[in-house]
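Colleague: Given next are the chains, with one letter for each unit.
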Amino acid sequence: GAVVSQHPSRVICKSGTSVKIECRSLDFQATTMFWYRQFPKQSLMLMATSNEGSKATYEQGVEKDKFLINHASLTLSTLTVTSAHPEDSSFYICSARDTPYELGLYTGELFFGEGSRLTVL
Amino acid sequence: AQSVAQPEDQVNVAEGNPLTVKCTYSVSGNPYLFWYVQYPNRGLQFLLKYITGDNLVKGSYGFEAEFNKSQTSFHLKKPSALVSDSALYFCAVRATTGRRALTFGSGTRLQVQP
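Residue numbers (the working numbering), protein chains in the order written: chain D, 1 to 121; chain V, 1 to 114.
Please note: incorrect hints may appear among the correct ones.
[Unchecked claim] Below 27 Å or equal to it, Euclidean Cα-Cα: the simulated DSSO-like pairs (lysine-lysine) are:
id : chain 1 : residue 1 : chain 2 : residue 2
1  : V       : Lys77     : D       : Lys41
2  : V       : Lys22     : D       : Lys41
3  : V       : Lys49     : V       : Lys77
4  : V       : Lys69     : V       : Lys49
5  : D       : Lys41     : V       : Lys49
6  : D       : Lys66     : D       : Lys41
7  : V       : Lys58     : V       : Lys69
The hints are simulated quantities; they were obtained by calculation from the structure and are not laboratory data. Just so it is clear, the structure is predicted and the values come from calculations on it, not from any experiment.
Okay, chain V solo, but in the shape it has when bound (with noise of 0.2 Å):
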């Protein structure tokens, strides 16, 4: 079975500071991992994904990830938060084959302040 952990309910930091909210994941085989963010009342949106190749993930909006394979983790990280940023973020992963729909993690909240 694939799972996710996303160990902090929340993550609070300043705005112009770095940020990172972590996620550790368990699959079989090798992994493809993403990261969403999601609005109040909204759906999710897609920020960026690791799937092959290069460890560290550029994405939407200035966000980037690291994958690490024996850490088995895959953190979602901003040099420069903004009060933007503040929303839910979400870590999923999925086997490369079998079982193809995403699980997610739990969430974690991002609580930028100005």
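This is chain D alone, in the form it adopts within the complex (with noise of 0.2 Å):
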């Protein structure tokens, strides 16, 4: 299948700071990602769905603000976590999908990347 690369896969910060996520489609173009968190023990529950070269939509309840999306590209979505507070210490995992919504054809699976832990202290 496609394979999604996700970086960095731990990172730990300080309060306060600053923190990108980055997601790569590698072998496909991928006009929309999602990206999703999943606390310890706990489903995934989806943040936001990244479309290149437009806004990101947010689910209710995600601050839009905290959590920056920028899709600036067919093969890069980033996430950006600012000023982070430990509450924000989660599992992102980020998807993307191989084939253009805009057909509306899609029956597809999701490909996920491997995951990034952070942990704010």
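Each chain sits in its own coordinate frame; assemble them with the hints.
Modeller: Written as structure tokens, this is what we have:
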């Protein structure tokens, strides 16, 4: 299947600093990527949908000013956690699909990155 | 709104025995259904999907799942469990129209004992 690379896999930062997580589709173009957050022993919660060349669509309750998403190219989306606090510590996972959304014919699965564990001290 | 229920937090099974991980869903219209597996501190790996057609879907690593429309279920099965199957399993659903993002269940931890 298609490969999604996520970096860094682990990051530790001090409270108040910003952290950027990258999500790359390695062998396909991804017009849409999704960012999920996973708390320990819990399911994945969709944070936002990242659309190439346009603003991200955030889920209800997700602070768009805290979680900045940029999808500048067809193979790269970034999530920046701004002014991070300990409660932002979590496992962040990106995913992408390899069929353009605009075709409206998408039936395939999502491909996931390996995840990024953020620890804010 | 679409939702997924995985009623069991954990399933324990002996190696060599059949396993079932349960999943029920709620979605407007016809569903697309997926199973993913997650190993510790890793992303999700795709196992199988139901889009249309045969209700019994075969996927990776010997797993299969049966779509039951009347019971709105999509249970994951394997005839003979391996210790290496021990992991966290997620069922996911999306509608064929409208919202395109996947909605995940709460996950079921499968523990296969030697």
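Colleague: A separate judgement is required for each hint: does it hold in the structure or not?
Modeller: How the hints compare with the structure:
no.: 1; hint: V:Lys77 x D:Lys41; result: holds (22 Å)
no.: 2; hint: V:Lys22 x D:Lys41; result: holds (18 Å)
no.: 3; hint: V:Lys49 x V:Lys77; result: holds (13 Å)
no.: 4; hint: V:Lys69 x V:Lys49; result: holds (15 Å)
no.: 5; hint: D:Lys41 x V:Lys49; result: holds (24 Å)
no.: 6; hint: D:Lys66 x D:Lys41; result: holds (24 Å)
no.: 7; hint: V:Lys58 x V:Lys69; result: holds (17 Å)
Of the numbered hints stated above, none is contradicted by the structure.
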